[in-house]
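Enquirer: This is what each chain is made of:
6 protein chains.
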Amino acid sequence: MDILTIANLKRAATVGRVEAIIHGQVDSLTRKETRDQKPFWEVVLGDAESKITLRAWSDSPAFSECEQMARGEFLEVTGEFVHNGAFGTDARRWTGRRLGENERQALLAGPAELRDRQNADYELITRTVESLGDPRLRTLAQNFLGDWGERFRRTAAARNYHHARRGGLVEHTAQMMRSAEAIAAVYPRLNRDLLISGVLFHDCGKLWENVLPENGFNMPYTETGELLGHIPVGIELVNSLWRKIDFTPWAGLEPASEEVRLHLLHLIAAHHGEKQFGSPVDPKTPEAVALHYIDNLDAKMEMFAAGYETAQQLAPGIFERVRPLPGNIVLPLAKFVTGPA
Amino acid sequence: MDILTIANLKRAATVGRVEAIIHGQVDSLTRKETRDQKPFWEVVLGDAESKITLRAWSDSPAFSECEQMARGEFLEVTGEFVHNGAFGTDARRWTGRRLGENERQALLAGPAELRDRQNADYELITRTVESLGDPRLRTLAQNFLGDWGERFRRTAAARNYHHARRGGLVEHTAQMMRSAEAIAAVYPRLNRDLLISGVLFHDCGKLWENVLPENGFNMPYTETGELLGHIPVGIELVNSLWRKIDFTPWAGLEPASEEVRLHLLHLIAAHHGEKQFGSPVDPKTPEAVALHYIDNLDAKMEMFAAGYETAQQLAPGIFERVRPLPGNIVLPLAKFVTGPA
Amino acid sequence: MDILTIANLKRAATVGRVEAIIHGQVDSLTRKETRDQKPFWEVVLGDAESKITLRAWSDSPAFSECEQMARGEFLEVTGEFVHNGAFGTDARRWTGRRLGENERQALLAGPAELRDRQNADYELITRTVESLGDPRLRTLAQNFLGDWGERFRRTAAARNYHHARRGGLVEHTAQMMRSAEAIAAVYPRLNRDLLISGVLFHDCGKLWENVLPENGFNMPYTETGELLGHIPVGIELVNSLWRKIDFTPWAGLEPASEEVRLHLLHLIAAHHGEKQFGSPVDPKTPEAVALHYIDNLDAKMEMFAAGYETAQQLAPGIFERVRPLPGNIVLPLAKFVTGPA
Amino acid sequence: MDILTIANLKRAATVGRVEAIIHGQVDSLTRKETRDQKPFWEVVLGDAESKITLRAWSDSPAFSECEQMARGEFLEVTGEFVHNGAFGTDARRWTGRRLGENERQALLAGPAELRDRQNADYELITRTVESLGDPRLRTLAQNFLGDWGERFRRTAAARNYHHARRGGLVEHTAQMMRSAEAIAAVYPRLNRDLLISGVLFHDCGKLWENVLPENGFNMPYTETGELLGHIPVGIELVNSLWRKIDFTPWAGLEPASEEVRLHLLHLIAAHHGEKQFGSPVDPKTPEAVALHYIDNLDAKMEMFAAGYETAQQLAPGIFERVRPLPGNIVLPLAKFVTGPA
Amino acid sequence: MDILTIANLKRAATVGRVEAIIHGQVDSLTRKETRDQKPFWEVVLGDAESKITLRAWSDSPAFSECEQMARGEFLEVTGEFVHNGAFGTDARRWTGRRLGENERQALLAGPAELRDRQNADYELITRTVESLGDPRLRTLAQNFLGDWGERFRRTAAARNYHHARRGGLVEHTAQMMRSAEAIAAVYPRLNRDLLISGVLFHDCGKLWENVLPENGFNMPYTETGELLGHIPVGIELVNSLWRKIDFTPWAGLEPASEEVRLHLLHLIAAHHGEKQFGSPVDPKTPEAVALHYIDNLDAKMEMFAAGYETAQQLAPGIFERVRPLPGNIVLPLAKFVTGPA
Amino acid sequence: MDILTIANLKRAATVGRVEAIIHGQVDSLTRKETRDQKPFWEVVLGDAESKITLRAWSDSPAFSECEQMARGEFLEVTGEFVHNGAFGTDARRWTGRRLGENERQALLAGPAELRDRQNADYELITRTVESLGDPRLRTLAQNFLGDWGERFRRTAAARNYHHARRGGLVEHTAQMMRSAEAIAAVYPRLNRDLLISGVLFHDCGKLWENVLPENGFNMPYTETGELLGHIPVGIELVNSLWRKIDFTPWAGLEPASEEVRLHLLHLIAAHHGEKQFGSPVDPKTPEAVALHYIDNLDAKMEMFAAGYETAQQLAPGIFERVRPLPGNIVLPLAKFVTGPA
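Protein chains in written order, with the working numbering: chain V, 1 to 341; chain U, 1 to 341; chain B, 1 to 341; chain G, 1 to 341; chain P, 1 to 341; chain H, 1 to 341.
Certain hints may be false.
Since the list can't tell identical chains apart, any single copy or any two copies may satisfy a pair.
Said to hold, decoys possible - Within a straight-line C-alpha distance of at most 25 Å, the following computed PhoX-like cross-link-like pairs (lysine-lysine) qualify: (1) Lys51 <-> Lys32; (2) Lys10 <-> Lys38; (3) Lys335 <-> Lys244; (4) Lys335 <-> Lys300; (5) Lys51 <-> Lys10; (6) Lys300 <-> Lys10; (7) Lys51 <-> Lys300.
Don't read these hints as lab results, they were simulated from the structure.
Just chain V, with the same shape it has in the complex (with noise of 0.2 Å):
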C-alpha cells in the first residue's frame, strides 16, 4: 500500500474507493455524540497541502486509539476511503499509529516533489537577489534572505485561492522573478532593480499573516495579520531593515537612497492595483503597475491549475467555476505538435 498525501488520496478517491496510508498532523480532536446518542470521534488530519476529517465510530478500534491522542500530534493512518459526494472523502475501517521521529520530519518537510520545486525556486531567487545592481536594493534583499529566509519559507502566498501551502509564496515570488526578468526586458525604460525588489517584497507582510508554524500545518489568525494585513506589515518590515543598513559608503549614489526607499515601498503599498482591493494607494509609476499585472497573472495561473484539478466537470473540457475566477473555466488548446508546412 503506498503513502500518499492527503491531496493524492482526495484526487484518486474522486475515480474510486482507494486502500491507503496517509502522513499527516491532528489538526483538532473532538467527541461527538450521534443522533442516537453514540460517542464517535471526528478528527481533523492535515499535511503540508490539504486536509481531512476521519470519523471513529463506538464499535472501531480507531476509537480506542482516539482516545489517547493529543492535538498536535502526528500520526498514520491506514484505511479504506472513498469520496461521498458533498460530505468529501470517508475513511473507513482506518487505523492510526504515531509518526517516528524521522517520519515526522519527511512529512513536515513536504512531498519531496514540492521540496525539490521550492527548493529550486528558492535558488533562484537568491540568485536574482545577487544580481542587482544598486547595492542598497542589494544589501536590503540579502538581509531579508539572511534574517527571514526561514519564515519566508514556511509561508504560504494566501490562506485560500493560490499558493495556499507551506512554501507557496517562494514559489509565487520566484515565478513572478522569472516574469518581471521578462517583461523588464521588453521594456527596457523599467526600473529592473526596483521592479525585481518589488517581486520579492511585495508580499513579505505575508511572513506574520500567512506564516505556518515550524512544526506543523495550521494557518494561525494573527492581531497583527487582522488589525494591520500584510501591505502595511510588508512596509514596515522593509523599514525595519532599512534602518539597520549602515548607508554611509553609499553617500552621493544616485538615485538618492530616500528616493530609493520611497519607490520600494511605493511597489508594496500599490501592489493590488486598487484601492477597492486593499492598496491605501493607486499606482503611480510603471513600475507599479507591471508589479501588479506580475502578480495577478501568477495567481490567475495557479488558479486555472488548481481548478483543472479539482473542479467538477460540467462536460469534456468544461469546468464548473473556481472562485474568485469569474465562471466556468475551460481546458486549453492543446499544442500542436508537429504537422504538414
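Starting from the known structure of chain V, arrange chains U, B, G, P and H on it as the hints suggest.
Expert: Just chains U, B, G, P and H, lined up with the frame of chain V:
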C-alpha cells in the same frame, strides 16, 4: 527654421515662444465672427500624431489665404507659436502655402523616426507569424497580413488614451508579441501559438473602428464600429479569413481545427477581461487571461510614457492625472548606473 | 393513480403524502453507501420541465431494478412521495419499469398543455415572420425557421431563472413578438420589421448554448457556448444565413442591405442593455432599447409566475425571494370583477 | 420676418445667420462690465421649451431698452442670430418691445402644435381614467384630474433629459398609458386597472417638483421637492385624495380597499426599479415591474428623439452621446416602404 | 435546575452538556418521518430573543406530548441540551408542560434584566421628549408615545443583524438619543430639537414592519412592510399624527410649522444615508447627516457586541465575520486600569 | 479702506463692487499676451485660506510693479474688486506694495479670529492628551506634540473639500476629540484612551501630505504623499515615535504594549471605513468604527458650513451641490427660540 511635427511644436511652445514651420492637412475650415463682428477664419490642421487650431484675423495675410483653402488640402504653415494656457497653442503672424506632392507623401508617411519604428514593428510581426508552429494559425495570420496588412498599418490602437495615431495598432501589437513570447517562456504550459495569434487578432476589429484614411489623418466614425464594436467585428474578420482557407491538407491534425478556431475567437471575445469593459464573455482559459494582462500592461505603459510628456507638472517628478490612469503619476526611479559594492 | 409530471408531483407533495406515477429519463445513476456501509442507489430522473432524485435502499425491490438500469433509459416510477424540507421530495416504496416506445415519445413531446401552447406560439412566430414587409428580413427569418426550426423548438430560453425548459425559447420569443407588435403600434417611429426580426434572432445563439438533445432532457455544456456565449454565436448564425441569400433581386432597395444587416446585428449585440450584462456594445438605436425592455419584461413576468408557484410563502400573499428577482415577492392585487359605480 | 420659437430659432441658426422675431419672458437681467470696463446687459429670455441669452452692448439701441426692463416681463425681440460654437446662439443688432396681453397669453399657451398634442394627450388620459373598472381607482383618478388637472398640465416630466417642458408630464403619462394598455393586452394576468392607475400617479409628486408657474416659464426649486423628492410627495398626494373619498358605497368590494391603496402606493414607490435610483422599495409585483419598464422605455424614446435633433453629428447617421444615454447614438434604420416579394 | 432563556441556554451548550429548563412559545409544530420511516415531531420554540428546534422521537415521552400540542401554546421544556455543530443545539430526554398564566405573562414580559433596561430606556425617551423646546415637535412626539407607545415597545429595530428582539427599537432609539444629545452639544449649530425628533421617528415605520404580537414572539411579514417599507410608512405616520394636532395656538411661531414638518420628514426619508440603501432622497441638511451617522454607529456597536457573543473564535481575540460587518472582528483593546505615571 | 482676507473679499464682491486692501503672498507670476498681442501680467496671490488671480494690463501702473515682483514675495494690493461670474473675482485699478516684516508675520499668523480658534483647539488637544490614563499612549501623544506640534499646526486637514487651510488639521482634530469624548460617554464599553489617541493620530500622515511651509501658503505635492499616502506615513510616524519610548518602567502593564500599538495602528489604518476609500484594512473593532464615523461626521459638518457660504443659491434656502456632498443642500431648520406651550 525647422519643420516640426505638431506634437513637437506643442512641446516646444510650452517652454516659450517658437518660430517654426509645420506641415499638416486641413481637418476643418470655418469662417467665424468676433463678438464685435469682425470676421476671422478658424483652421484645424492635423498630422500623423496631433492637431492644432489656427486663427486668421481679418487684417492678417493668412486671412486671404484661408479664403482660397479647402478642407482636405495639405499645407505648410510658417509662424510664431505660443502656449496660451487652457486655450492651447496659438499661432501668430502665420502664413500658409500648399504642399507639393513629395511633401504631401512625406507627411502622410509620418515622421521618419516613427515610420522606422513602425516598420521594424511590422517586420517583427511578420517574422513572428512565420514562426507559428500550427499551420492553420500560421496560414490564417499570413493571410491576414496579406489581405489586410496595408489597412492594419493605417490603424490606431484607440481613438484616445494610447497609441492613438496612424500605425499605433502595429506598435501596440508588436510590443504585445514581445511580451507574449517572454511570458510564454516563463509559463511553459501556455499555448504559445495560440497566444501569439490572439495578440495578432485581438484588436483586428479596430481596422473598421480606428482606421485612418490612406490620404489623410482624420479618424472617421462608422456605423460598423458604432453598431457592433471591434470585438464582434474582429470575430467576423477571423471567421471570414478562416472560411477561405482550405483545411483538407490538415484533416487529421490535433487539436481539431474547430477547437483551434473556438479558442482563438475566445481570445478576441474575452480580451477586455471583464464584461463591464465590453467583453461578451469572461476569460475562461489561461491564454485568455494572459492576453488580457499583456494588453493592459502595454496600454498602461504607453499612457505613462505619454503622461510624462504631456501632463502638467505639479512638483518635481509629480504630474497631474492623465485619464484613464487613476491618479497623479510620478516619474520612475532613475536607474542606478554604477556604484561601489 | 395519475401520471403526474415531476413538477406537478413536487407541487402536490408540498401539501402532503402523494401516491403517484411519474415518467422520466435516467439523468444519472450512482451506487453509494451509507455511513454504516449499506449500499444504496441514487437515481436522478428528469422530464421536460423538472428533475427528481430517488434513492433505492438495499432491502427494497427498487434496489435490484436499479442494478439493471442504465443512464439515458426512460422509466415509469410508481410510489409514495413526501416533501422533506431542504432535502426536497423523497420517494418511498417505489418501483420502476422501462417505458414503451409510445410512452417514450409522449414523454419527449412534453405534457399536452405545454406542447399545445408551444405549438401555438411557434405558429404565431411563423405567421409574424410571413408578415415582415422587408423581403430581406422576411427571407432571412424564414430561412432560419426552415433550417433551424427543429433545433429552435428544443431550446430553452435559459439554463435557470426563466423558461428553462425544452421549447422555452419558443415561448419567450412568441410572447416578445406580441409585446413588440404592441409597442411598435404605440411608437410608430419604431421600425417594426427590424424590431420583430430582432426579437426572433436576439437569443438565436442559445441554439448552441441551451439546446436539449432530441432524445432527452439534459442540457449539455458546450465549448461553443462557454468560449463565445450566445451573443457572438447569434451574430455568427445571422451572418451565415445572410451569406446564403441571393440579394440580386433586391439590388436597389432602400435602406441598403448592408444597413439592414448592421442594424439587425446591433439588436443582437446590444440586447442585454449594458456592457456589464454581457453586451459588447451599448444600445444605440431606439429599436435596440425597445428590444432590451421587451426581453427583460418577459423574463421578469415569467420569474414572477414561477416564483408564485415555487417560492416559500412567508405570510399570506408574501413569498421569499426567488433569484434573480431583487427581494421578496407579493401576490398581485386581485382583479376587480364587478361592482357598483 | 417669422416669429420663431426659441428652439426653432436655435435649430435654424446652426445652419447659418437668421433674421427672426422671438417671443419670451425675461428670466434674468444683469448689468455687467467687460474686461475693459464697458457696461453691457445680459438678458436671459425663455419660452415654453427653451432659453436664450442676449447681450446688449453700450453702443446699441437695446442697451437703453434694457435699462427699462424688469425680470418677468414678456418681450418680442427682433434681430439677427448666429450660432457661435460653445457659446451657443448670439443675437446681433437686436431690439425689443413689450408684448401685448394677447401675445402674452399666446406665448404662455405654447406653440400650437405642442398645445394640440398636449390637449389630445390630456383627452386620452381623461377617457382612459373613465374606463377604469374598479370604482375606487376610477374615483381617485377622476378626483385627481378634477382637483389638480390644471397643475398637472403645467408640470414637466423632468428638470432635464426628457419631456422637460410645460405639459411634458401630460405627454409622458399619455404615452405610457398607451403602452400600458398594449402590454396589459399581451400579459392578461396583469391587473390593467392597477397598472393604468400606476401610470397616472407614478410621477404625480412632480407637481411639486417640476411644475412651472401659471404665468411664466421658470421651473423653481422648492424645499418640498428637495427634502422629500417626488416619490414620497406622490404617496402623500394619493393618500390625501384617498382620505377624501367616501368608501361606504363600496364596503364589501373585493379586493379590499386597503389592498388597492397599498398596491397603488407600491407602484409609485417602486417605479424607479432599483433602490440606487431612488425607489425606497424594490418592485415586488408584476405590475410594479411592468410600470418601471413602461416608464423607462418612454423616457429613453424621448431622449433619442431629442438627441437626433440636438446632438452634434459625428458622421452621417452617428451623433455624439447625449446624457444620460450611455454612448453615441445612431439614426434608426429607415423603414422599408415597398419592394418585391 | 435553572430556568434559562433560550439565548443563555445556547451559550451554555457551546461549552458542554447542560441540564436546564426553558420557557417558550410553540412557533411551529410538524410531524415528520425519518428516512427509514419512523415518525417524529419537530417543534420550534421561541422566546423574546431567540428560537430553538426540538425533536421528539417516536419512542420518547415527548412524542405523545407533542400529539397534544398546538401552535402558539406556551411550554416549559426540561431536558439535556448539547451543541451539535452546524445543526445547532439539540435537546435530549426532554419533556414539556404547558405554562400557567403567570408564567406565560412573565415570559412575554421578557427576562428581567432586559425588561428593566428597556423600561429605563423608554423612561429616557419620555423625559427627552418632554424636554423638546418647540411645542409642535414636543406635542407630536408626546402624541406618538401616547397613541403608539405600546406598539413601539413591542417592535424590534430590525429583522436580523441588530436589536432584532421585542423592544429592540426602544433600546436603539434611547441609545441614539443619548448620542444625539452628546453630538448636539459638540456641534452647537445643529438644531437639537429637530435632531432628537428625528431620532424618535426615524424608524417609526418599523411599527408596521418589525412589530411582534402582543401575545407571542413571531415577527410576521406584512403587505404594508413589503410594499412600502418603513421609510414611506414612517412618513405616513408622522403626517397622520401631524394632521390631528391643532396648530392654531402656535400660528405665528418661527420657523413656520410647514418648515418644521418638511425638515422632520426629510430626516426620516434620508436616514439611510444613500439612495442605494433605500433612502428616496440624499441627506441635504447637517441634521440629516448627523442622524445617519448616529443611527449607523449604534447599529454597528450592537453588531460587534452580538458578534463577540455568537461568532466562532478563530484565535484568541479574533472572531469570524458576522454579517453585515465587512470582515473578521477583533476583541477591543482591554482598558488600562491603573499604572505608574 | 479695510484690510480684508481674500475669502472675505470674495464674499463681499458677490454682493457688489468693493474697494479694499488685501495682503497675500505671490503664488505665481506669469507674463502673458492677449489675442491681439498686448502683454499683461497674471499674478496669483494667496493667504491662509484662499487665493485670487490679478491681471495687470500694459497701460496700468500695476504693470510696471509686476516687472519688479518675484514669486514668494508678500504684497499689499489696493484696488476695486468685482465678481465676474465663472471668471471669479476681478481686480480693477489695483496697485501693490511689498509688505513690511511685521505685516508679513501677521499675515502668516492668519486672521485673528482663526488664530484664536486654532489656539484654543490646540489647547484642548494638549489638555486632552494629558488626561489619557494609559501612560504609554499619553507619552506617545505628548512626544508627538513635542516633536511635531509646530508642523501639526501648519497642516491642513485636506487639499480640498474641508478644513483645507493652514491649521485646519488642528481644528478637525480638536472637534473630533470633543465628539469622541461625548461618544465614549454614551458607549462606556469603548476604550476612551484608545479612541482619543486614534483621533490624534488618524491623520498624522498628513503632516507630510498637506503641510504648508513655515513662510508661505502654497501646499506642495511631495513624493512621500503621492507614493505612500497619509495612512502608511501615519503608521510610520507612530512606529517611529513608539521606538523612541523607553517601555521598561511599564513592563508588566495590562494590556501589553504590543497590543496597544497594534490597536492604535489599526485605528489609523482603518479610519477611511472601507477599502475602496483607501483603508488597507476594514474596521475590526468598535473603536475603529466609532473613529470612522466621528471623522466623517466632522468632515461633512464642515462641508455644509462651507457650502452655505460659497455655493450658488438656487432658491431661498436651497443651494447647488458642493462636491463631494451628494446633491443640492438645504439650509437647516431655524432653531425655535421661545413660544407658548
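Enquirer: Next step is simple, just say for each hint if it's right about the structure.
Expert: Evaluation of the provided hints:
1. Lys51 <-> Lys32: both (19 Å within a copy, 23 Å between copies)
2. Lys10 <-> Lys38: Close across copies (22 Å), not inside one copy (28 Å); limit 25 Å.
3. Lys335 <-> Lys244: between (51 Å within a copy, 24 Å between copies)
4. Lys335 <-> Lys300: within (20 Å within a copy, 30 Å between copies)
5. Lys51 <-> Lys10: Within one copy only: 10 Å inside, 29 Å across.
6. Lys300 <-> Lys10: Within one copy, since 23 Å is at most 25 Å while 42 Å is not.
7. Lys51 <-> Lys300: Intra 23 Å, inter 35 Å, cutoff 25 Å: intra-copy only.
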